[in-house]
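Asks: Here is what each chain is made of, one letter per residue.
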Amino acid sequence: MNTLPIDEPTILQTLRQVIDPELGCNIVDLGLIYSITITGSNVAVLMTLTTPGCPMHESIRWGVRTALLDLEGVDDAQVEVVWDPPWNAAMMTDFGRRATGVGRI
Amino acid sequence: MFALIGLAALAVGVVWLVARPSLLAQYHYNQFVIAATHLFVLGWICSVVMGAMYQLVPIALETKLYSETLARWQLGFHVVGFIGMVWMFDDWNMKQLGHFGCVFAVGLGLFVYNIARTLRRVPKWNVTATAVTVALFWISLAVTAGIFIAIGKDNYDSTEGLAASGGVFVTWLRSVAGFMSHFDAIGAMHAHAHLGSVGCFTMLIVGVSYKLIPMFTLSEVQSRHRAAWSIGLLNIGLAGSFMTILLRSSWKPVFTMLAVAGLGIFGWELIAILRARKRRTLDWGIKYFLTAVALLLPVSALAMVLSWPRLPLNPFTGQIENLYGFLGLIGVVSLAIIGMLYKIIPFLVWFGRYSRQIGRVQVPALADLYSARLQAIGYWSYLAGLVVTSVAILYSNEPGVRCGCSLLALSVATLAVNVGAMLTHLFRPLLKPLGFPPTTVAKIA
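Line by line, the protein sequences give chains A and R. Residue numbering for the first sequence follows my numbering, starting at 1 and increasing by one per position. Residue numbering for the second sequence follows my numbering, starting at 1 and increasing by one per position.
Chain A on its own, in the form it takes in the complex (with noise of 0.2 Å):
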């Protein structure tokens, strides 16, 4: 059982771990992040890809509950993907998108 708190910056600090390999990208830069719910040592990730019927779809989704499992304090990860809304590049960050060569938005 972990004790030490845990915070979202440090999640999301976390979750740049982890890459769309298309794009080369973490996924927080990408925007692909909605929401992280902190209920005690359990972490709920609400996040989307950038296009249904991504090929990397589970393998993301894999990762982001493997790097939370793996963070101290968290003892269970829920991610679920939805496509609503639906993502755009809007919600990239400055960085995200200097990385995989979107023109501002």
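Please keep in mind that the hints were generated in silico from the structure rather than gathered at the bench. In this text, a Cβ means the ideal position worked out from N, Cα and C, and glycines have one as well. Watch out, some of these pointers could steer you wrong.
Claimed, not checked - Over 12 Å on every C-beta distance to chain R, these chain A residues come out as not near it, computed from the model:
id: 1; residue: Pro21
id: 2; residue: Thr50
id: 3; residue: Asp75
id: 4; residue: Asp76
id: 5; residue: Asp84
As the list claims (entries may be wrong) - To give a feel for the contact side, a few chain A residues facing chain R, derived at Cβ under 7 Å:
id: 6; residue: Gln17
id: 7; residue: Gly24
id: 8; residue: His57
id: 9; residue: Pro85
id: 10; residue: Ala89
Once you've looked at the hints, dock chain R against the given chain A.
Replies: Positioned in the frame of chain A, the structure of chain R alone reads:
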């Protein structure tokens, strides 16, 4: 496996052209050109297209492949069938060609059944699913037509005894041969070639473009009506072209124009998709693919010229026909396939080696699995090879064909080295400890 077999066939085919440039510098109706064409079409293009469809159709259409076992069985039939066919074309043994053709057809039947059952699971029907479905129909018809042509060319001397004893199959073969005698050999061959190259390969290029180009460039289909019209017109044009080529009808230009109009609408929609893209930088894989699509312009122009009924039948016209086939298969289809291979193979390698490591260690991006520099060298040498070979074909110049095909061989070599680099990751993965990328303020989008 399909992709590796395809690449091996491409390498053998290109070396064959370098060693024997007369294949492209002389009229194409001879056994060696037909053998080489089937090596490229069945060995290279079909192998990669079938392997890619097993991977991409479930992904693009958000479903699962019906049966991997059937796909493995098909691989066996496919390899034995196409190697035997190329060998028998080279040897001009029509009887054995028919046998190997049937082996290939069994494999194709398994492929069509497998993909058709997969398509039945598609949750949301769209233009890509329609294009894949009609491509399956056209390739089935192309192989059937090919077998009928082979049946029509055999003399059945060795079946006298069987026929006398009432062999139903031999009687059927002879009736097919009788039916095929109503058509001239070159017209039937050209009609058969169009079913495969336009009906299956071009149809798939058009259909998957509507899914993959938006996916890779972060864009969207801009007009579903345009997409539907492009597929519809291409189908009507092809159906009419098949009949008019087979019957040498003067209506050929009408149906060619319809097919070209379909491709024109496809180009219009593709430009709209690219204009709306969020990802401004296009990677080399996409550049290969889009260049292949752009080559549809000269190929369509040549199709219009060749469909003209009053075109004089002289050696130069024959060379234009060679150029049309060369640019269609080695230009449009092959370049599109190479572009997509640069997407498919890294994905398969990454998925096999890194998908369970993500989140635990730093894994490479797909673009880190190969050399972009080699991709660029391969791209420019391929284009140079196409230009030099095309000019040499028009002038029936064998040294020129050899020079151009050597450039193509250089490009294929860069592809082979890059594929080798990708496959190396299966045995020597590139894993680093986790680290935090440089970034901006942490916040949810």
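Asks: With reference to the structure, classify each hint as holding or not holding.
Replies: Hints, verified against the model:
1. Pro21: At roughly 5 Å from the nearest Cβ of chain R, Pro21 of chain A sits no farther out than 12 Å, so the non-interface label is violated.
2. Thr50: The claim is violated: Thr50 of chain A sits with its nearest Cβ about 6 Å from chain R, within 12 Å.
3. Asp75: 16 Å, holds
4. Asp76: 15 Å, holds
5. Asp84: 15 Å, holds
6. Gln17: 5 Å, holds
7. Gly24: 3 Å, holds
8. His57: 9 Å, violated
9. Pro85: 11 Å, violated
10. Ala89: Result: holds, 4 Å to nearest chain R Cβ.
The earlier numbered hints that this structure contradicts are 1, 2, 8 and 9.
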